[in-house]
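Using the hints provided, position chain G relative to the given structure of chain W.
Number of protein chains: 2
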Amino acid sequence: MDMGVVDFLFQLGIILISTKLLGILMRKLGLPQVLGFIIAGILIGPAIWELMFDVDGLMFPISENPYLKAFAEVGVIFVMFTAGLETNLNDIKNTGKMSFVIALSGVLLPLAAGTGLGALFLPEKGFFSWLFIGVIMTATSVGITVEVLRELGKLQTKVGTIIMSAAIIDDVLGIIILSVALSLAGTSGNTSPVLSAINPNNLPVVSVLWILAFFVFAIGAGIGISKLFKAIEKTTPHTRRIPIFSIAVCLLYAFIAEKVFGVADITGAFIAGVVLSTNHASAKYVDRKVTISSYVLFAPIFFASIGIKISFSDMSLDVLWFALAFVVVAILMKIIGCGGLSKAFGFSFKDSMRIGVGMIARGEVALIVTEKGIPLLIDAKYRAIVVLLVLVSSLLAPILLKLLYKNEKDTLPLAQHPELGEAHLE
Amino acid sequence: MDMGVVDFLFQLGIILISTKLLGILMRKLGLPQVLGFIIAGILIGPAIWELMFDVDGLMFPISENPYLKAFAEVGVIFVMFTAGLETNLNDIKNTGKMSFVIALSGVLLPLAAGTGLGALFLPEKGFFSWLFIGVIMTATSVGITVEVLRELGKLQTKVGTIIMSAAIIDDVLGIIILSVALSLAGTSGNTSPVLSAINPNNLPVVSVLWILAFFVFAIGAGIGISKLFKAIEKTTPHTRRIPIFSIAVCLLYAFIAEKVFGVADITGAFIAGVVLSTNHASAKYVDRKVTISSYVLFAPIFFASIGIKISFSDMSLDVLWFALAFVVVAILMKIIGCGGLSKAFGFSFKDSMRIGVGMIARGEVALIVTEKGIPLLIDAKYRAIVVLLVLVSSLLAPILLKLLYKNEKDTLPLAQHPELGEAHLE
Numbered sequence: 003m004d005m006g007v008v009d010f011l012f013q014l015g016i017i018l019i020s021t022k023l024l025g026i027l028m029r030k031l032g033l034p035q036v037l038g039f040i041i042a043g044i045l046i047g048p049a050i051w052e053l054m055f056d057v058d059g060l061m062f063p064i065s066e067n068p069y070l071k072a073f074a075e076v077g078v079i080f081v082m083f084t085a086g087l088e089t090n091l092n093d094i095k096n097t098g099k100m101s102f103v104i105a106l107s108g109v110l111l112p113l114a115a116g117t118g119l120g121a122l123f124l125p126e127k128g129f130f131s132w133l134f135i136g137v138i139m140t141a142t143s144v145g146i147t148v149e150v151l152r153e154l155g156k157l158q159t160k161v162g163t164i165i166m167s168a169a170i171i172d173d174v175l176g177i178i179i180l181s182v183a184l185s186l187a188g189t190s191g192n193t194s195p196v197l198s199a200i201n202p203n204n205l206p207v208v209s210v211l212w213i214l215a216f217f218v219f220a221i222g223a224g225i226g227i228s229k230l231f232k233a234i235e236k237t238t239p240h241t242r243r244i245p246i247f248s249i250a251v252c253l254l255y256a257f258i259a260e261k262v263f264g265v266a267d268i269t270g271a272f273i274a275g276v277v278l279s280t281n282h283a284s285a286k287y288v289d290r291k292v293t294i295s296s297y298v299l300f301a302p303i304f305f306a307s308i309g310i311k312i313s314f315s316d317m318s319l320d321v322l323w324f325a326l327a328f329v330v331v332a333i334l335m336k337i338i339g340c341g342g343l344s345k346a347f348g349f350s351f352k353d354s355m356r357i358g359v360g361m362i363a364r365g366e367v368a369l370i371v372t373e374k375g376i377p378l379l380i381d382a383k384y385r386a387i388v389v390l391l392v393l394v395s396s397l398l399a400p401i402l403l404k405l406l407y408k409n410e411k412d413t414l415p416l417a418q419h420p421e422l423g424e425a426h427l428e
Numbered sequence: 003m004d005m006g007v008v009d010f011l012f013q014l015g016i017i018l019i020s021t022k023l024l025g026i027l028m029r030k031l032g033l034p035q036v037l038g039f040i041i042a043g044i045l046i047g048p049a050i051w052e053l054m055f056d057v058d059g060l061m062f063p064i065s066e067n068p069y070l071k072a073f074a075e076v077g078v079i080f081v082m083f084t085a086g087l088e089t090n091l092n093d094i095k096n097t098g099k100m101s102f103v104i105a106l107s108g109v110l111l112p113l114a115a116g117t118g119l120g121a122l123f124l125p126e127k128g129f130f131s132w133l134f135i136g137v138i139m140t141a142t143s144v145g146i147t148v149e150v151l152r153e154l155g156k157l158q159t160k161v162g163t164i165i166m167s168a169a170i171i172d173d174v175l176g177i178i179i180l181s182v183a184l185s186l187a188g189t190s191g192n193t194s195p196v197l198s199a200i201n202p203n204n205l206p207v208v209s210v211l212w213i214l215a216f217f218v219f220a221i222g223a224g225i226g227i228s229k230l231f232k233a234i235e236k237t238t239p240h241t242r243r244i245p246i247f248s249i250a251v252c253l254l255y256a257f258i259a260e261k262v263f264g265v266a267d268i269t270g271a272f273i274a275g276v277v278l279s280t281n282h283a284s285a286k287y288v289d290r291k292v293t294i295s296s297y298v299l300f301a302p303i304f305f306a307s308i309g310i311k312i313s314f315s316d317m318s319l320d321v322l323w324f325a326l327a328f329v330v331v332a333i334l335m336k337i338i339g340c341g342g343l344s345k346a347f348g349f350s351f352k353d354s355m356r357i358g359v360g361m362i363a364r365g366e367v368a369l370i371v372t373e374k375g376i377p378l379l380i381d382a383k384y385r386a387i388v389v390l391l392v393l394v395s396s397l398l399a400p401i402l403l404k405l406l407y408k409n410e411k412d413t414l415p416l417a418q419h420p421e422l423g424e425a426h427l428e
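Chains W and G are the protein sequences, given in the same order.
If you use this note's numbering, the first sequence corresponds to residues 3 to 428, in order.
If you use this note's numbering, the second sequence corresponds to residues 3 to 428, in order.
So here's chain W without its partners, still in its complex pose (with noise of 0.2 Å):
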C-alpha cells in the first residue's frame, strides 16, 4: 500500500492495456506483436516524454522503477525459460558443431570491426577502449527472436534451433571475451562473488574454466531433478506441483548461474528449460501453465521495459555520425558472420539470412557490459549509441524475419500449443 507500489499498479495498468493494443495494430499490419509491446514502451517511457515536456514517461517516474525492473526480469526468464521446454535437445546435439562456428564468426567479425571502428573515431582513446567498443557488439539478445520465431511458428525447425544453439554459445563466448578483455584491462567483469572468490587475479583460463562448469553443474544437478519429478509425476499425475517446482528450478537456475558461475541469468533460465524438457511426459504441461502466466503478464511487460528503458536525452550531435556507423557495423558484422557462415554450412540464402537477422538484436547484455566499461575504458556519453543499436536492432530482426518469412505456411500444428494457437487467431 506504499504510494511507490500503487503508483506501479497504475503503470502496470497502462503497460497491459497498450502492449495488447499496439499488438493487436501490429498484427494488422502483418507485424510481430512483440514489436508493439517495444513500441509501447517507447510511447509511454521517457523517450518522447522527456524530450518534449521534460518528464520521464507517462504520468509517473518509469525507467528506474524497481517493481518494473523486478517483472522485467522474471518476464525475460520465463521467455528463456519457455524456449528451453521447446527445444528439442536432439536438434542441438546435431546442429551444436555448427552452431558453435557460427557463433564464433559472429562474435569475432563485430569484435575486430568494433575495435577499428573505436581506433577510427576516437584515437585518442587507447587500444583497450577501441577492443571495448568491439566487446559491446559482440553479444546477440535472443529474446526478441524467439519471440518473433514462436510467433511465427518456426522456433522448432532448423534455423529456429541454429539460432537458439548460437545465442547460446555467443552469450558464453561474449561472457569469456568480456572477461579476458577486462582481466587484461586490469578489471573483474564477472558478477559472481564465488567466482572472484577463486580467481581473484581474474586469470582467464580460471574464468573459462568456471563457466564450463556451470553446465556440467546444469546437467548433473537437472538428472537428478528430472528423476525427482518423474516421481512426483507417477504419485500424483497432472497437479500443479510439477509447473510450480519447475518454475522454481528455474529462478534458481537463473540464480545460479549468475551468482555462483558468473554466467547470465537468462541462460541459466534457458539451460533449466532445456534440462526440464527431458522429461517429455511433464515438458510440455508445464510449458503450457507458464506460458500462460507469461504472455497474459510477464513477456509483454518485459518487451515494453526495453522501451521504456529508452532515451534519447545522452545523444548530442558529435556522438551522432559514431553512433550511426557503430549501429550499422554492429548489426551488418551479425548478418555478415553467422548469414556468411550459414551458407558456407550449406543453408539456402534465405536461410543464411534468416540465422543472420536472427542475431542481430542487441539488449540487456550490451547495456551491463556498457555499464562495465563506462567507469574504466569509455566516456558516459557513449551509453546513448549503445541504446541506440539496442533500440534500432529490437525494432530491425522482428521486421526482417517477418520479411523473411512472408509467403511461408505455418509448419506447427496449433492445436499442438493451444495458448499459443489462440494467440495467431487474434
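It cannot be assumed that every hint is accurate.
Claimed, not checked - Straight-line Cα separation of at most 27 Å, DSS-like style, residue types lysine-lysine; simulated pairs:
#1 G:LYS99 / G:LYS160
#2 W:LYS30 / G:LYS232
#3 G:LYS30 / W:LYS236
#4 W:LYS30 / W:LYS404
#5 G:LYS236 / W:LYS30
#6 G:LYS229 / W:LYS30
#7 G:LYS286 / W:LYS286
#8 G:LYS30 / W:LYS229
#9 G:LYS127 / G:LYS383
#10 G:LYS404 / G:LYS30
#11 W:LYS232 / G:LYS30
#12 W:LYS286 / W:LYS127
Claimed, not checked - Pair by pair, the computed Cβ-Cβ distance ranges are:
#13 W:ASP381 / G:SER315: 40 to 50 Å
#14 W:LYS352 / G:ILE234: 31 to 41 Å
#15 W:GLY98 / G:PRO195: 52 to 62 Å
#16 W:ALA233 / G:LEU319: 47 to 57 Å
Worth flagging that the hints you see were computed from the coordinates, not collected in a lab.
Don't be surprised by glycine CBs; every beta carbon is placed ideally from N, CA and C.
Just chain G now, with coordinates in the frame of chain W:
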C-alpha cells in the same frame, strides 16, 4: 541482471518451493494451504533467523525487498479481484443491510475496547493515543479468510457473502474512522493527494462524501467498461484480450481507489471484480485465467510475504503483557461484534461463529494505520504488538474456520472451477 534482482530470483524460487511444500503438509494435516504459505514466510523470513543468527531471513535481506513487495501487492490485488469476480452481486444486494450492521458492530466494539485498553495500560498517554489503539483494531484483512473459504468451497455461500460484504463495509468504515480520528488529532490520514487538495482542512464529512464518490465512480465507469467488453467479446470471442484488459481494469481501479479517493487499493481491486462479474459471458473465463497466474505465483508470494514481514526483535517484556491483552481483545471483539450480531439476525450459532471468526484476521491495513499513528500518537515499540496481532489472527482465522466447517461436504461442484478443483485434489 542487477544483483538485487538476481537475489530476488533466488528468493522467489525458495518462496515457491517452501510455500508449496508447506501447503501440501497443511493439506495432509487437514488445514488450509494458505496457512502453510504464511508459515513458509515465517520460516524463510527474519522472524526466526534474526533471533538465532542475527540475519534478515534466509541468506538474503528479504523483509524490506522492494521487488518482493511489488509481487506481494499484485498478489493481494489478484486475490481480491478474483474474489470480486466470484461475487454474486444479487447476494450482496440481499445481504447488504445485514452486512452493514454486522460490520458496524464489528468496528465499534474493537474501537471502544481498544480505547479502554489504551487508557488502562497507557494512562500517561492522552485520549487520542488511546483512541488510536482502538482504531488499529478495527480493520479486518479479509484476504486470508477469502482464500480459506475458497479452498473450502464456501465463498459463494450466504456466510461467505456476508463476510465479504461486511469486510468491504468494514474497510470503508475503518477508513472513515481513521480519517476522522486523525483529523481530530490534527493531521491527515488519507493517502490521496486529490483528497488532500479538495479537503485541506481534513473535514471528516468531505472525506466521507469523497469515499462514497468512489463507489459512484466505480459503478459508473464499470457500466461503460462492461459494455465495451461485451462489444469486444462479440467480435472476437474468448481471445486473450478480455482477460488482459480485465487485469488492467483491476489494476487501474486499485490505483484510482487509493490515489484519487483515499480508499484502500485492495478495495478497488475487489470492486473491479464485482463490476466485471456482472458480465456473465466473460467473468468465468477471466476468473480462470487470472486464477491460474494468481495461484501458481502471486497468491503464495503474498501470503508468504505476511510471514516474512513478521519480526520479534522489537518485542520487550514490558510490551508483552500489553501485547497479549491487545491481541486477545482485538480477536474477541470481532467475534463478539460480528458473530453476536449475526446470531441476533437469526443465523445458527455455528454460522454466527463462522462470520465472527471470518472477520478476526488483521493484515496490512492494521500495519499501515499503525505506521500513520506512530509519529504522532504512539511509541514505535508498539509496532510489535500489531505484528503479533497480524500473526496470531492470520494463523487463528484459517484454523478456526477449518474447524467450524469440519464434517461439512463441499457444496460447490468442482468441475465448475477446474483450476481450483485441481487444487482440491492435490
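For each hint, the structure was consulted:
1. G:LYS99 / G:LYS160: holds, 14 Å
2. W:LYS30 / G:LYS232: holds, 21 Å
3. G:LYS30 / W:LYS236: holds, 18 Å
4. W:LYS30 / W:LYS404: holds, 13 Å
5. G:LYS236 / W:LYS30: The given pair, whose Cα atoms are some 18 Å apart, holds under the 27 Å limit.
6. G:LYS229 / W:LYS30: Satisfied, since the Cα-Cα distance of roughly 24 Å is no more than 27 Å.
7. G:LYS286 / W:LYS286: holds, 25 Å
8. G:LYS30 / W:LYS229: With Cα atoms ~24 Å apart, LYS30 (chain G) and LYS229 (chain W) stay inside 27 Å; holds.
9. G:LYS127 / G:LYS383: Cα-Cα ~14 Å, so holds.
10. G:LYS404 / G:LYS30: Holds. LYS404 (chain G) to LYS30 (chain G) sits at ~13 Å (cutoff 27 Å).
11. W:LYS232 / G:LYS30: Given that 27 Å is the threshold and the Cα spacing comes to 21 Å, the pair holds.
12. W:LYS286 / W:LYS127: Status violated; Cα separation ~52 Å.
13. W:ASP381 / G:SER315: 40 to 50 Å: holds, 47 Å
14. W:LYS352 / G:ILE234: 31 to 41 Å: About 38 Å separates the Cβ atoms of LYS352 (chain W) and ILE234 (chain G), which means 31 to 41 Å holds.
15. W:GLY98 / G:PRO195: 52 to 62 Å: At 58 Å between Cβs, range holds.
16. W:ALA233 / G:LEU319: 47 to 57 Å: Holds - the Cβ-Cβ distance for ALA233 (chain W) and LEU319 (chain G), about 49 Å, lies within 47 to 57 Å.
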